[in-house]
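Peer 1: Chain by chain, the residues:
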Amino acid sequence: MNPEALGKVIFYGSSIALFLIGLYIILVKRNLIKLILGLTFIESGVNLFLVSIGYVWGRTAPILNKPELMETPSKLAVDPVPQALVLTAIVIGVAVTAMALAIAMLIYDKYGTLNISKIKELKW
Amino acid sequence: MFGINMNPYELLAAVFGLGAILTYLLGHFDRHLKTWLTLITLALATYIFLHLPNEYSLESPSLLFGIDKLSWLFGILTLGLGTIVAFALLAYPELSPNFYFMFILNIGASIFLLLSRDLVAFFLMWELMSWTIFAMILGDGGAERGRAATKYLVWSAIGAAFILFAFAILAKSTNSFEWSGIVAGISQMPSGWRVAAIALLIAGFAVKAAIMPMHTWVPDAYAESPHPFTAFLSGVLSKLGIYGIFLAFFVLSARFELVNMPKIFGTHIFGYILAWIGALTAFGASLIAIKQEHAKRLLAWSSISQLGYILFGFGIGSAIGIAGALFHAVSHALFKTLLFLILAGVIKRTGTDRMAELGGLIKKMPLSFIFAVVGGLALAGIPMTIGFPSKWLIYEAAIHQGFIFTTVLIFAASTAVFLYYYRFVFSIFLGELHANHQDVKEVPFPIWFSYILISIPIFWLGLFPGKAMQIFAEIAEQFDLPAVTNFTATTITTPLGSFNALIVGLVFFASFAFGLLLYFIGGRTRKVHQYDTFLAGEADEPVKLHYGQRFFYFLERELKPLYRISVEKIYQFVAEFTRFVADQVRKGFFCGNAQAYLYYMTIFIVILVFAIWRIKL
Amino acid sequence: MVSPILLIAVPLILAFSVPLWGLIHKKLEKFVPLIAFGFNTYLIFRLLPFALTERTISVVIANIKPPFGINLAVGPFGLFFALIIQLVALATAFYLLSYDPPEPSDKFYMLFILLVLGSTGMVLTGDIFNLFVFLEITSISAYALTAITKTGPAAEAGFKYLLLGSLGSTLVLLGIALIYGSLGTLNMAHIAHRISGMDSRLVVAAAILFIVGFGVEAEMLPLNGWVPDAYQAAPIPVVALLSGAVAKAGLYALARVLYTLIGMPNIIMLLLTFGILTMFAGELAALRQNDIRRLLAYSSIGQMGMIMLAFGAFGVNSVFGGVLQAFTHGITKALLFLVLGVMALHTGGATDMESLRGFGRKFPYWSMLFAVGVLSTLGLPPFAGFWSKLALIIGVIIDGHPTYAALALIATFIEVFYFARLLSVIYSSKLSPKLVERSIRNTTIPLLSATFLAAIIIAVGLYPNVFFDLGDSASRALLNRAHYIFSIIGHYLQSMGGV
Amino acid sequence: MTGQILWAIFMPILVIIIGLIYMGLARKITARIHNRYGPPFYQNIIDVIKLFSKKDVANHGVMFSLGPVIAVAGMVISLLFIPIGNRPLLSFNGDIIVLLYLLVIAPLGMALGVGEGANPNGAIGIARALTLMLGYEVVLVIAAVAVMIHAGSASFMEIIRQQQGGVAHWFIWPLFLSALATDIALQAILGEKPFDQPIAPHEIASGPMVEYGGKFLGMLQIYHAIAIIVETGIFVNLFLGGGSLVWWFVKSFAVFFVALLINAVMPRFRIGQAFKFYWTYPAAIGLVGLIIVAIT
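Residue numbers (our numbering), protein chains in the order written: chain A, -16 to 107; chain B, 3 to 619; chain C, 6 to 504; chain D, 149 to 444.
Just so you know, these hints were derived from the structure itself, not from any lab.
Heads up, a few of these hints could be off.
[As the list claims (entries may be wrong)] Calculated pairs, DSS-like style, for lysine-lysine (alpha carbon to alpha carbon, straight line, at most 30 angstroms): (1) Lys562(B) <-> Lys198(D); (2) Lys155(C) <-> Lys35(C); (3) Lys571(B) <-> Lys424(D); (4) Lys198(D) <-> Lys529(B); (5) Lys366(B) <-> Lys469(B); (6) Lys35(C) <-> Lys112(C); (7) Lys93(A) <-> Lys112(C); (8) Lys366(B) <-> Lys103(A); (9) Lys103(A) <-> Lys155(C).
[Said to hold, decoys possible] Residues of chain A placed beyond 12 angstroms of chain C at every Cβ, according to the derived structure: (10) Glu(-13); (11) Leu(-11); (12) Gly(-10); (13) Val(-8); (14) Ile(-7); (15) Ser(-3); (16) Gly21; (17) Gly28; (18) Gly41; (19) Asn48; (20) Pro50; (21) Val74; (22) Ala85; (23) Ala87; (24) Lys93.
All residues carry an ideal CB built from backbone N, CA and C; glycine is no exception.
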């Protein structure tokens, strides 16, 4: 197996693995904190996936700090767009995680538990 | 008018709209002003209605209006009886301005419903007419009224849904939203859709026309709506359902169905089904009317029964049948409005419509009694009143067309009329006067004057049915339907027989003179107290013996197997089942556990994958 | 033409300036949303004539023409939804003037503006990643606003919303990744242009991810567990926005992605089934509900299902009905919630039916506004709901799905039942002991704002022409995929030599 | 024309007298069957004269007094609409259905009068009468519809015309089942046992008549006298081919006689039983007859 294909398998495989681990956590674990962790796992999986889409084996980062890069960036550097997207997505993910943790704290404050199956004041 | 260059149709709309709003706004200031404003509005509207040009189209939303003989007839009924009911409302200053607002809006919607010439306008007005009724039934609230109003609105929505669905099918198939375009294009429709559309339309209109099995809202709604308004609801608004059935059955279907459908006894099967439904409605509802304990419910079931006659007449579909049905629509509008107004007066004075608690009011309210008899004569179809020629035409048509079994049902129904009518008039006006009602007074002027106003056409058309027949002939001609032409001002002749209304009337008066003669031959009489009755020596002091409760209990006992048949049970089952499912959905699905929602999401993705897997891309 | 960018830029600046206004005077904060949305509404009305045409224009940011760079694709369809959002936002912002915000109030107003801004951005953007970003802006502010009162139920509802919402948007991101990985572009027109060349399995996967992701905001059936809870626990003005702005933006995204990006009729028609299911679930759940807030929430689900059904019918008539219904639903639900907020002021916060029994006897005008909302929801004239429901049902039938239309009509029977019951409770002659004579707060401002919404409903009901025209061009614009592509990247395609 | 008017005035008086004689004969015949002697056949005429000459009659109000008046008037108008002995008066102005409705005026008027009497016995009597009416009217209508369909007309004159030419042409032969059903219905219409529940002297003190005395009772007697002729006359006209004046009355008495014979030997049904009876056996017989007519 050539390294390029191997790299793809590793990147995609690990992103899918991250996604599935996250899914497992959010479906099985009851603790709010763990759920949030699961969400983060999923997010990381997706982010990794996004990055690996733009990655071309053997190319360098799209930072135009070398003259040869400045001349033919599309030949030597990887696609910069996914990286920009991932940066944004990470920021968003952090915001969501922060928000989730804040709400989890609030819930613990009010309900005295972090077990999601016991947080059912609103129903029906 | 008023220096504004307005089309009469716009003017009519403006009169109703402004009238309603003004009545609402000014109604708060004076108790009687709202009724007078209503009357003025209706008078203006009537004037404009009588001077409408033939066609009017609103550009956008593109609505088409127009007037023809049929809309004229029903429009006159609506406005005329509406005005009379509004006049009677003078005696009900306690009704809120909201009621008047809705009442004017309702009449306006009814009129524009009759004037509409395209589906959107029709449906718009239909819905407006429907929900204003809801608002009036709901009125000032109360648990029972709320329940009745809810029931009404749900049924009305079911009816409207049928109508809307049928309209959409028609519009899709004929590529037109105008009646004329639909009538022209309907023959190109696939026959399955055609039959479905017409059946749906009839079913939808049947809700408002209180045809079984879409009638269950009627007794509740009639019993709970404001008493004078019930007269309008039963007298006029149910006729709008009849109007719709007429349009659906004759204007849309008659032309092709009469030719294409399989026939039994010379009538196509569609009509036969309609006739059976009508006859069963008439029969069943009249039997149920017999056992009611509340006068309003009694009259409500009676309305259902009488509306069944009209459907029966439509089902026969011959010239006589159509004329009879339309005639009965007119006569039912008149006498049922009268009877409900009388009942409204009685309730106003005594505060109850429970027949066991009434009785003997003839001594206190003689005028009401007289007109109750007039209304009852028309309801029972006694010659000289408008009730007879209409029923007679329906019978003649049925026998002539060979609708034998349905004819028997219809006859049984009209015999049952005597039973419940006598019960109505006896329990309220005759028998012993209840101790609570010793000081009851006659109804106030506006109410009894409205009785007189309605009684005039009841007798006039009863003695000169030709006047009405002329209009029905014109209507039939307008829609290319067979028409009864063999009539004069007083006589109607059918292939089976003939009937001269005026002669019957005159001879009755001669006979009555003979009876009076006998009366005056005999000796003097002595007025006695109501308790001074022969009780086989059983009661030595005055006792209250008003035979008002379970009047026909021996009959009820025999009819028990029939009474056990009830569509209401099916509806209740459906309602219960829906509630059960609703609770399951609510408690099962929205269970409150966030993790469950995550599971749903995952399962949803799986389902989507499978769903898309199955469909071809 | 005024630049549509201002629709996003001005509120953005104002949102983050809220604390500064607060420094001048605490009360000034209240006016910021009003200023922002007043300005936006003004802009929208300036743009409206443009929305009547069928053109979509791209508004270029930073002078990089599409398909490169970030751009706004302002078309009739997007503007129509922007109009809904702005009208609801304006009324709600006005309502806020007399509303005691949960502390910290500056954050509340800021999030409030961001929420509207995010949804406006969603309906205007022409770039799929921007769509995701705006979705996140919208939903994060929505989570925060749901939980902002810091009570137990609020936190619980916020957390449920957050769990579903963030998972959903992650899935959207995954979908974007799939598309970008295959096509190498983020411009929606460009994607639409190229999607036929993409591996169809990947397209389907992306479509599924988008449906699930946006379905959360659009209150689609199995993804709407958060809806009743959030509607029940969030502050009333936020709830008005949740149904008036967030749900509409989610719906817009769903429609835009499925119609313009994916463009496969078979996938779009899945919405028919899920619309019907959503509708039945919502209406059935509402049937026996006693808390009016939750009842309205379930009813909102039902209505959204109906709109999805219309969008799923894949025809210009039904989409026409769908967009009209989206408009009336947005306005009407906002009205109902605002009125309900005031009703709750008279019962000490209770919103269950028994506490509000007889409200209509004491407060006729308020109940009249409520009745207008209810009747419009039921599709009765002369209110806006009549036209939209009529257009929707007839449209779905004309586009060849009579069975679904019949099912939708059956679902409305249930709707009629519980709304009629609601009205009969409100207009009951028996008074609830919880009702107080006079609210603790002056209700003039809420009254004006509710009247504003009711006036829109009645005006549209009486004079639906403009409404029809807007809906017509919006629905045509949505269905005219080629035109959308051409409007945005026509010059680029020409320069590449192929159209 | 003048002859007709004179006949119209004379005929009711004639019918009243004949009707009263029928009633007298009925008492006599019943008595003979019961092995009693019985009153003279003119006894009822004497009774009516006696009743009319009574002074000081209890009166419960205007409607109470009008009841008998309308009862007599309603019966007289019905009488004028049936052809009696080939002498049609007004039959061209109305057919069988008109007659069926005119026939109700009299009982309805009486019922209203009885109602004002405020005696529960009267009300019970009326309730029973109405129940019974619901029973037999169905049977009667089934039979009448059969006749109308058979004759293709609802006009009495046309129906009688089709039965001219001897006994063989009478409708009783082709419409035997209908005639049978009508005759059973007639038993109740005439108020004879086993269908005399509305009167039932031993239970409800003569029911509707309980409050009426003196001239009122006399008028009710007259009403009953006309009613017998009218009701048997309908049977005669529908099934027995009418006939000249004397024959007509002979046939009518024959019909009445059959009813009397049954009356004399029968007990009384309970009202519910009577109602149920009519809706089962006679109705079934009539329906079979009707189906036969409709098919042929």
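Peer 1: Closest CB-CB distance from lysine 93(A) to chain C, is it above 12 angstroms?
Peer 2: violated, 3 angstroms
Peer 1: Is the claim that isoleucine -7(A) lies outside the interface with chain C correct, judged by CB distances over 12 angstroms?
Peer 2: Holds, since 16 angstroms exceeds 12 angstroms.
Peer 1: Assess, step by step, whether the Cα of lysine 571(B) is no farther than 30 angstroms from the Cα of lysine 424(D), and give holds or violated.
Peer 2: holds, 26 angstroms
Peer 1: Once the closest CB in chain C is found, is it more than 12 angstroms from alanine 87(A)?
Peer 2: For alanine 87(A), whose nearest Cβ neighbour in chain C is about 7 angstroms away, the distance does not exceed 12 angstroms, so it is violated.
Peer 1: Are all beta-carbon distances from valine -8(A) to chain C longer than 12 angstroms?
Peer 2: Valine -8(A) is indeed farther than 12 angstroms from all Cβ atoms of chain C, at 15 angstroms.
Peer 1: Classify the label on serine -3(A) as holds or violated, using whether its beta-carbon is more than 12 angstroms from each beta-carbon of chain C.
Peer 2: At roughly 15 angstroms from the nearest Cβ of chain C, serine -3(A) sits farther out than 12 angstroms, so the non-interface label holds.
Peer 1: Minimum C-beta separation from asparagine 48(A) to chain C exceeding 12 angstroms: can you confirm that?
Peer 2: The assertion about asparagine 48(A) holds, with a minimum of 23 angstroms to chain C.
Peer 1: Does the alpha-carbon distance linking lysine 198(D) and lysine 529(B) stay inside the 30 angstroms limit?
Peer 2: The hint holds at about 21 angstroms.
Peer 1: Any Cβ of chain C at or closer than 12 angstroms to glycine 28(A), or is the non-interface label fine?
Peer 2: violated, 8 angstroms
Peer 1: If we take the beta carbon of glutamate -13(A), is the closest beta carbon in chain C still more than 12 angstroms away?
Peer 2: holds, 15 angstroms
Peer 1: For the pair supplied as a hint, lysine 155(C) and lysine 35(C), is the alpha-carbon distance within the 30 angstroms limit?
Peer 2: holds, 20 angstroms
Peer 1: Non-interface claim for valine 74(A): all C-beta distances to chain C beyond 12 angstroms?
Peer 2: violated, 9 angstroms
When each numbered hint is compared with the structure, violations occur for hints 1, 5, 8, 16, 17, 21, 22, 23 and 24.
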